[in-house]
Amino acid sequence: MKAKEYCHIPYIRYLSDEGEALHRLPAWTENSDVLVDYYRSMVIARAGDAKAVALQRTGQMGTYPSALGQEAISTVCCSLLEKEDVLIPYYRDLPGLMKRGIPLSDVLLYWGGDERGSASEAWGKDFPNCVPIATQAGHAAGVATALKVRHQHQVAMVSMGDGATSKGDFTEALNLAGVWQLPIVFIINNNQWAISVPRKIQSGAPTLAQKGVSAGLTSIQVDGNDVIALHEAVNAAIKQARSGKGATVIEAITYRLGDHTTADDASRYRESEELQEAWGREPIKRLRNFLYQRGLWNEEKEQALQKEAAALIDKEVKRYLNTPLPEISDLFDHHYAQMPAQLEKQKQHAIAKAEAMNMGGVHS
Amino acid sequence: MNSSVSETVDQSIPKEVSEKLTMVEAVNLALDHAMADDQDVVLLGEDIGVNGGVFRATQGLRDKYGLKRVMDTPLAETLIAGISVGMATQGLKPVAEIQFMGFIFPAMEQLICHAARMRNRTRGRLTCPMVLRAPFGGGIHAPEHHSESTEALLAHIPGLRVVMPSSPVRAYGLLRAAINDPDPVIFLEPKRIYRAVKQDVSYDTAILPLDKCFTLKQGNDVTLISWGAAVKETMEAANTLQEYGASVEVIDVATIKPLDMETILTSVRKTGRCVIIHEACKSFGVGAEISAALAEEALTDLKAPVERVTGYDITMPYYRMEDHYLPKPDDIIKAALKTLSFH
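Line by line, the protein sequences are chains A and Y.
If you're matching positions, the first sequence starts at 1 in the numbering used here and goes up one per residue.
If you're matching positions, the second sequence starts at 365 in the numbering used here and goes up one per residue.
The hints are simulated quantities; they were obtained by calculation from the structure and are not laboratory data.
Incorrect hints may have been included.
Taking lysine to aspartate or glutamate and the EDC-like style, the derived pairs with C-alpha atoms no more than 16 Å apart in a straight line are [stated by the list, open to error]:
#1 A:148 <-> Y:404
#2 A:167 <-> Y:473
#3 A:353 <-> A:330
#4 Y:634 <-> Y:661
#5 A:345 <-> Y:660
#6 A:51 <-> A:259
#7 A:345 <-> Y:661
Everything numeric in this text was worked out from a predicted model, so none of it was measured.
Turn these sequences into a full structure, and let the hints steer you where they fit.
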């Protein structure tokens, strides 16, 4: 028997590529505030994301992984989390981080090569960006275990790309979530590409969601460019986790419209026709069309929003660019709560060396 | 001030409440007391629950503290380290057991990329107060992959502490300290001496510092430096050397990361002669680090080249031949006599 036949994974979608309702919409969509907020958040996030790329291109920031095209997933997921829930993001989650109240300047500071971008109180107990692939799945399982041990009703939400589902860390975390009934929402951003490796040679499984089935988890696919479908899926998953009924794996189907990072050139391995076609399914245009059709959005509001986004980004970029370098001691001070004697010596050496260099003295 | 802690610590326990315990029993008692003292301490690992761990280090603790605090995990070392990081960042104090050090390697990515870095990469916003325990070393005729000593791999990682006790009292005192420590601690237990000796251990047994070496024997002619199970052979060698008339100082490094060079330097400046003994392979080992630091800071105090008595740079032999690999008291005596006769 073929895998497709014995493992049915539901697929949720409400909006067509053009933003038309494909079938009856959930009742909550009557409240336009939620959808308008999603739209506004995605537009601001996309502008922030574009600015991050521009900062890299102009030598004002390091390598950056754009979230272009994936704004809906990150935005909806983080809108539905409560502040005291714990987000364990991957590195392509700018829209969600902004939704969590983390200043864009923090995120820029991080990609600008400064650990302090992950340090501010705005992050709460959320994890910093996870660069090693899928290792964050284990952290989510640990966070969820801590919540469960303490009888807290928060949830852990962890996101990753399609490539992460090939790693053992992912499988081990799903397995534990199943056997310990952990309050986790696993979000797979299936953007079809893991750098240059396309989805079809990443896994022989017909869906990535079905990997959750083997662990006994609720497992679904959702149109990751459709905020209504995402809202339904993520909301149900959070409710299930919060009520002690275990984890969900959500495979959100989307497309990486940008390069893997600013250090990548996707034209080396990806057909431009495929990219053009994917632009026809992107989430922001789709929701804008929907809002226009419902009379919830217009050109005037759009202009105002663009202005608002530009102002916010301008302020955050200034804040990032004006962040002074840390003290040399900062390199050493956060390795141990109590500084080991040998490390203290090295710290003093580094401070003395920096002072000498500033005086135009010793160069190494 | 002499920063070392003398062996007399071992005798400073109130007799009326203490019990004669082996090292593995002392580990069990330390876990028990840490859990009693702090609700945030939880244990996890493979077979640690109803089975009490394959060496019985967690025996009885599941019954005493319940399933939520003594967790049998699936057979997945990457996960054990990963969830420990996750739990620790949220304020729990996980004490995870890796069943044998030979199986620690899937956990290395989590230790290197996350546990060791979390404080630094969030500038202290999130921390990892976790302990990863693992029995290590040869000499018990164990299956393949069960006898290695790879402490140097771990000691190389900034942000970790690596602790290796060599007696029941120090196992208790150092494990209590490791659990209390706000940073990740790798706690390596020399399983060859898990049941070698018994010492008085109780709730009143001292919690020991994690940045100090322990001077087990004071002397003036030569310093023997060791850790883990090799401390046993080192003490035997020291006693024999003493019979030959040499005045021998013995240091149990105990915490190899961060290394307490102050105690080591004080001793070697006094004796001028030094033998480093470890079970792990020779090249790029902790002995090399100590030797280099002595060369950097005490070259002119040395009266003889530093000697190393170690395992060979070979794969840990399967048990029929492991005795040929492990340093013996005779090897240590010969090395000490060589340094003592150097002019």
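These are the hints, each one checked on the structure:
1. A:148 <-> Y:404: Given pair residue 148 of chain A, residue 404 of chain Y holds - Cα atoms ~13 Å apart, limit 16 Å.
2. A:167 <-> Y:473: holds, 13 Å
3. A:353 <-> A:330: Distance ~15 Å between residue 353 of chain A and residue 330 of chain A Cα, so the pair holds.
4. Y:634 <-> Y:661: holds, 13 Å
5. A:345 <-> Y:660: holds, 14 Å
6. A:51 <-> A:259: Answer holds: residue 51 of chain A to residue 259 of chain A is near 15 Å, not above 16 Å.
7. A:345 <-> Y:661: holds, 13 Å
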